[in-house]
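*Asks:* Chain by chain, the residues run as shown.
There are 2 protein chains.
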Amino acid sequence: MSNETKPYAIGIDMGGTNTDIGLVDRDGHCLARKNLPMCRYTEIGAYVADVAAAIHQLVSDRNLTFSEIAGAGIGAPNGNFFTGCIEHASNLAFTGVVPLAKLLGEQLPVPVALTNDANAAALGEKVYGGARNMNDFIVITLGTGVGSGIFADGKLVYGHDGFGGEVGHTILHPGGRLCTCGRKGCLEEYASARGIIQNYREVCEENRREAYIEADCRWLTEAANKGDMMAIRAWEVTAWHLGIGIANAATTLAPEAIFLMGGILNAGRWLIDPLRAIFNEHLLCMQRDKIAILPTQLNANDAAILGAAALVQL
Amino acid sequence: MSNETKPYAIGIDMGGTNTDIGLVDRDGHCLARKNLPMCRYTEIGAYVADVAAAIHQLVSDRNLTFSEIAGAGIGAPNGNFFTGCIEHASNLAFTGVVPLAKLLGEQLPVPVALTNDANAAALGEKVYGGARNMNDFIVITLGTGVGSGIFADGKLVYGHDGFGGEVGHTILHPGGRLCTCGRKGCLEEYASARGIIQNYREVCEENRREAYIEADCRWLTEAANKGDMMAIRAWEVTAWHLGIGIANAATTLAPEAIFLMGGILNAGRWLIDPLRAIFNEHLLCMQRDKIAILPTQLNANDAAILGAAALVQL
Chain A
617 MSNETKPYAI GIDMGGTNTD IGLVDRDGHC LARKNLPMCR YTEIGAYVAD VAAAIHQLVS
677 DRNLTFSEIA GAGIGAPNGN FFTGCIEHAS NLAFTGVVPL AKLLGEQLPV PVALTNDANA
737 AALGEKVYGG ARNMNDFIVI TLGTGVGSGI FADGKLVYGH DGFGGEVGHT ILHPGGRLCT
797 CGRKGCLEEY ASARGIIQNY REVCEENRRE AYIEADCRWL TEAANKGDMM AIRAWEVTAW
857 HLGIGIANAA TTLAPEAIFL MGGILNAGRW LIDPLRAIFN EHLLCMQRDK IAILPTQLNA
917 NDAAILGAAA LVQL
Chain B
617 MSNETKPYAI GIDMGGTNTD IGLVDRDGHC LARKNLPMCR YTEIGAYVAD VAAAIHQLVS
677 DRNLTFSEIA GAGIGAPNGN FFTGCIEHAS NLAFTGVVPL AKLLGEQLPV PVALTNDANA
737 AALGEKVYGG ARNMNDFIVI TLGTGVGSGI FADGKLVYGH DGFGGEVGHT ILHPGGRLCT
797 CGRKGCLEEY ASARGIIQNY REVCEENRRE AYIEADCRWL TEAANKGDMM AIRAWEVTAW
857 HLGIGIANAA TTLAPEAIFL MGGILNAGRW LIDPLRAIFN EHLLCMQRDK IAILPTQLNA
917 NDAAILGAAA LVQL
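From first to last, the protein sequence lines stand for chains A and B.
First residue of the first sequence: 617, per the numbering used here; consecutive thereafter.
First residue of the second sequence: 617, per the numbering used here; consecutive thereafter.
Just to be clear, a hint being listed does not mean it is correct.
Copies of the same chain are indistinguishable here, so a pair counts whether it falls within one copy or spans any two.
Straight-line C-alpha distance at most 27 Å; calculated DSS-like pairs for lysine-lysine [claimed, not checked]: (1) LYS906 with LYS771; (2) LYS800 with LYS906; (3) LYS718 with LYS906; (4) LYS622 with LYS650; (5) LYS622 with LYS771; (6) LYS842 with LYS771; (7) LYS650 with LYS906; (8) LYS906 with LYS622; (9) LYS718 with LYS842.
Simulated from the structure, these hints should not be mistaken for laboratory data.
With the rest of the complex left out, here is chain A (with noise of 0.2 Å):
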């Protein structure tokens, strides 16, 4: 059986406090999965072995034989493409470069291949997703931080080394807010959720009002919808950064579309709407109205085990 007609592959979302497994199958539909808690392990190869474990199981248990999985695709916290290794990734306890492709794929007799998890979530929206017929498009990633994938004539941009794609640190406030990354004024500073709240306190300092001191991404979406006119504005200017810095990549690149993904998706049409009209506002004349903004079309339960295994499922 060639890879490209294998009817099933594994996806291991790797993050800081769990690392799900799945089995996938070609339509997209996670079929059985695993979870490990990433508290358990403070060295890689006691991981590894759980993982291998665990995906002998996912296999097993579905009266699976390995010729019938096309490989493991693994989405991580800097991991690079190219080496098949997790590079210094600060929210992980492994340190330092770790091999993850090379060391799974010992313990398997099925192609290990790593990536980082904004390049999966557009891997998963082309196999399964919403980008399926497109060539074109950027996914980008709402959460911790601000990552992204970008595909450009249908193949995903990885760079010269990998690194490609790093749309959330892209510096949109020259000498603005200072980065996690150590450099100031990056997209992802004004839009992750910790950006947002940022915004959010500036907000309410402008006008002089008290922010609430416990504010996180599902409050400021409450008090919105309950009409809190902080909150309203915080998304706002949230969607005025985010819309300039996602214009700038449709301006680079000029993709087809834009698709959004994470859970600062459930702040809905406070968040949506005023990016959709920013965003547009922020584009050359000629691809005015041309370029859609959309939600991901994958499961959020899902997306990330989809991203990872799409990887070897491409």
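Dock chain B against the given chain A, drawing on the hints supplied.
*Replies:* This is chain B only, laid out in the frame that chain A set:
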């Protein structure tokens, strides 16, 4: 003879003032050329007839036949590769949408292709210049405007509609200087010839010194050479804006190198030394010291013709 083995191509560089037409060999030598002043033409039919006549002349002068010519490539302002049209170019007498590739194709026995001048520059660098062995690189053209052509994984990034690669119109300073495109804060307004003079004026104003009223880029370079601190500072400020702008493109695309092209490069070390430092400083840590900023390796006189010819010789 297949197209790949045809030894010659025609390159057509269409500008606001002149159209330069050259016969180019596979090694990137411009063997002969013709020039048509644009002031002669108010309607497209006469222009196309003269371009075609000039090409026939170039071919017959060298005792060649069209079977040895791979085709004719056109680099034109607002040229769209996908449609073969010039779309609303503000610096040409021909208004609206002009199907130039089709019109010229009707008068030549070889394929005709068209793209914008910055994309042509990138194609020229790939086929004949310093990017021959690179798959991921960006060419930035610095002149009246700031243009760019992007290669990702060995292919020019046209995007969904042919308008990819407008790095000069990414917004560097939201709400900043009004750009000719109608939006505010585009990189072009800080790093084009026009933008550089504005930088100089602002530097003089900040330092309460009178700006030289007739300052242009050539004067600014000469003044810097003579030790004029306002001129030196103007180049540093330009490098700061341009450095951040192209660092953002590099963060998005992870290229191996960024090539610079255009008369502004005559500023030499006054621009390039601070530019390299500022660019590097604004990259993500894993890319720092890894992305070269290089002057084009195409001869300035022939670069635009070579770029256009590359379109049919890639």
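*Asks:* All hints are to be evaluated individually against the structure, with a verdict given for each.
*Replies:* The hints, checked one at a time:
Within a single copy, LYS906 and LYS771 get their C-alpha atoms as close as 21 Å, and across copies as close as 23 Å, so both meet the 27 Å cut-off. In this assembly of identical chains, LYS800 and LYS906 lie within 27 Å of each other by CA distance solely across copies; the values are 20 Å between and 32 Å within a copy. For the identical chains of this complex, LYS718 and LYS906 are inter-copy neighbours only, at 25 Å across copies versus 43 Å inside a copy, given an alpha-carbon limit of 27 Å. Within a single copy, LYS622 and LYS650 get their C-alpha atoms as close as 21 Å, which meets the 27 Å cut-off; across copies the closest is 58 Å, which misses it.
Taking the shortest Cα distances, LYS622 and LYS771 sit within 27 Å of each other inside one copy (21 Å), while across copies they are farther apart (30 Å). Taking the shortest alpha-carbon separations for LYS842 and LYS771, neither the intra-copy value of 43 Å nor the inter-copy value of 50 Å comes in at or below 27 Å. Within a single copy, LYS650 and LYS906 get their C-alpha atoms no closer than 41 Å, and across copies no closer than 39 Å, so neither meets the 27 Å cut-off. For the homomeric pair LYS906 and LYS622, neither the shortest alpha-carbon distance inside one copy (37 Å) nor that between copies (39 Å) is at most 27 Å.
Proximity of LYS718 to LYS842 under the C-alpha cut-off of 27 Å is found in neither arrangement, the shortest distances being 51 Å within a copy and 59 Å between copies.
Checked against the numbered hints listed earlier, the structure breaks hints 6, 7, 8 and 9; every other hint is satisfied.
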